[in-house]
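Student: Each chain, written out:
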Amino acid sequence: MEALNDIIKKCNELAFDLNFTRAKEWKKQDNSRVLVGYMPIYFPREIVHAANGLAVGILGGGDKKQIIKGDAYYQSYVCHMPRGIVELVLDNHLEDFDGFIFPSICDVIRNLSGMFQLFGKGKFVKYMDFPQNFLPEVGGEFYKSELQHILNEIKKINNIEVTPERLQKSIDLFNKNRKLTEEIYNIRSEFPWRITAADIYNIVRAGFVIPVEEHNDILEEVVNLLKVENGEPHDKIRVLVIGAFCEQPPLSLIKTIELAGCYIIEDDFLLGSRWIKGDINTTKYSPLDSIVRAYLEQSTFSSSVYDVDNPKEGRLLTQLKERNVDGIIFAAPSFCDPALLDHPILQKACDDNNVRYISFLYSENTGQFKVIKEQVGTFSDSIKLWA
Amino acid sequence: MSKSVSKEKSMIIQKEMIAGLLKELGNAKETGKKVVYTFVPGNISELILAFDMLPVYPEINALQSGMRKKSEGFILDAEKLGHSEDVCTYVKCDVGMMINGNIGPSGEKIPAPDLLLLSYTGCFTFMKWFETLKRLYPNVPVALLHTPYQEGHKITPEMTQYMVKQLKEEVIPKMEKVSGNKYDEEKLKKILANSSKVEETIIKIFDTTKNRPSPIDAYFAGVYYIGPINNGFRGTPEAIDYYNELYKEIMDRVHNGLGPITPEGEMEKERFRLVVEGPPNWTHFREFWKLFYDMGAVIVASSYTKVGGVYDMGFRVNPDKPLESLADYCMNCYTNLNLEQRVELLSKCITDYHADGFLVNSIKSCNSFSAGQLMIMQQLERRLEIPVGFIESDLVDPRYFSYANIKNRLESFFQMLEQRKLILE
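Note that the protein sequences, when read in sequence, are chains P and H.
Here our numbering is used: the first residue of the first sequence is 1, the next is one more, and so on.
Here our numbering is used: the first residue of the second sequence is 1, the next is one more, and so on.
I should point out that these hints are in silico values taken from the structure, not numbers from a laboratory.
Beta carbons: idealized from backbone N, C-alpha and C, even for Gly.
Hints may contain errors.
Chain H stretches covered by chain P per the calculated footprint, using a threshold of three residues with CB under 8 Å from any CB of chain P [stated by the list, open to error]:
no., region
1, 80 to 90
2, 132 to 139
3, 142 to 150
4, 264 to 277
5, 336 to 342
6, 364 to 376
To give an idea of the interface, some chain P residues facing chain H are shown, with a C-beta separation under 7 Å as derived from the structure [what the hints assert, rightly or not]:
no., residue
7, Asp63
8, Cys106
9, Tyr306
Please construct the entire structure, taking both the sequences and the accompanying hints into account.
Tutor: Structural data, given as structure tokens:
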């Protein structure tokens, strides 16, 4: 599987390139191109693509960047990711970016948008207030105005009018991207020995920093390679990891979970790339309205979304059943309010339904995994022995 | 703490108002009055009152539990259910209180909600809090009012429109169903007209700190002053009377050249004038206040007293546009302002009230306030060349109040202020 290994190596380099070299090269090839950075979770990249832009995921410094200046901006009890992002700003990693989008994830990210405004970075800074009301004529209208606001900002920079045709083309490309990503997860679910969770992570994360056309080529090649048997099953339990939707776990943490006797069959890493379930259908509404409808009606569940009428517990249990999972690992970043406030609710659902689970915290720069490995190993053994 | 707390007439009035509300809540099931749980920032209490319903504010229960030394046990009980040490301690305190029979801080049983009104501004955690409450009260409807953040330094027509639509499509129909009463816009307008009068008086009250000595402490006493508008009395005639009486008392102090009244007695010499950002610590409130009293430090403005509404920059409710007005009120609460607006507001307070220094009390479990405070400090220090100080505590978790650490830091800060005064002289 040399070809697959080469792809994974290339994706790893792209995904963790904190200088965003490929994105900046892409921009230099055409004066009308723009780079728009966005913070974790979902953002409809289609609209930036249609405006001749590249939406680039900024996921923090991870364990690749020593944080010195960023610590001066956040108290010790604030999660790690925003300080990594501030370090990237102050070390000029985000030069050449034209704008920044901050999706409504939590209070920390909301206030980080204000910090970017005070830093004076980019030609625009937009806090993307995703509606928590899901009625098309209420939350949908508001969301559409938020998207239009971003399109207006980009137009001020490159004077490109986003026509329905342009947007349709972009939606098609991202539909393909989501479909291929889901296919990889499906293959992984059926044949988890063919590719590791860490390798999938590298492949998906590369898509956050390169043009979607290039990423689609990579995904297509990966799907084709994974259709061929390339190994044999190990005696591991099948787990779902949840809580990591925003601040990303270090790659070594993902590897540690698998080395400790688990196959990560399902997760919420890099959730934004899989946020919309299924294709964005443009047959009933205009392309922009279709993007709005997809958010209202096809979003996955996340701690950043209001959830009382469509309970997350039920959807987690359904996912568990569909993926034939043996247990759940609740892994959230330290001080992550949304994820941590969800855990008691989700854990109660596990208790009520005899679902086995464990729970631990991490930071994007966690470097010691021995305790986690022992905990996960014990979890795995207990399921293998007693389930 | 040898002296007893000194009580002014307005404090007695307020105590009676709150006691009356608690009594009404205690009898709610007998009288058939419906009970609405909601939050302080963006509290659209006028609308609740327009439907003849009674409001309950979970975070006020939590802070009262903290002041009465009951919060630690509640927090530990919530943590046993899986709540993290890292998250908002208001949430954990209330969850603990509810699973222990929902006996309120003053001993009365708080009635279960008939409606959960999730109107929140500037605090994402509130949304998660009500998801938790929904699991505790599964048959109770939730009405959501999502308030857009003032990310672009202004309220756009789209933002107001979004909120008004939510009020019309989501909030009001649920209130009608729960209360059994039809929406009466004329009634709401009358209630809002009262709110408008109160807003004017509140501005005048907090503006009295322009005087030297300042007749009030706008942080420690300030949280009492905002009690009625944040605790169910927005838009009531009682609130008008209370604030008029309070203003009269304060003006008497101004005319007599007196400083603020504190639990330790009257502040006789005003040595330092401060602006404070962030909520106070509730579990050690009196000790905390005394640290400032002992230093002769008076707080001439605080951001926390604006958490339930910012009127300093000119906002007033407009009874002629009731729903738009409620929407704009919600969007104008302090933590719904972006960081630059917060810097501008604090900067205005420091300048207008002639503060000697700026202090942050950073709350461990409140990122709505805390995330970005260090940048606010940097900005103010740079723009105004004013000394800034920083202390840390928590809302209602006594495990995070370190008296010695706070005292040390405050002493250093006050030394800095003293030296600056000497240099300026």
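Student: Determine which of the earlier numbered hints do not hold for this structure and return their numbers in increasing order.
Tutor: 4 and 7
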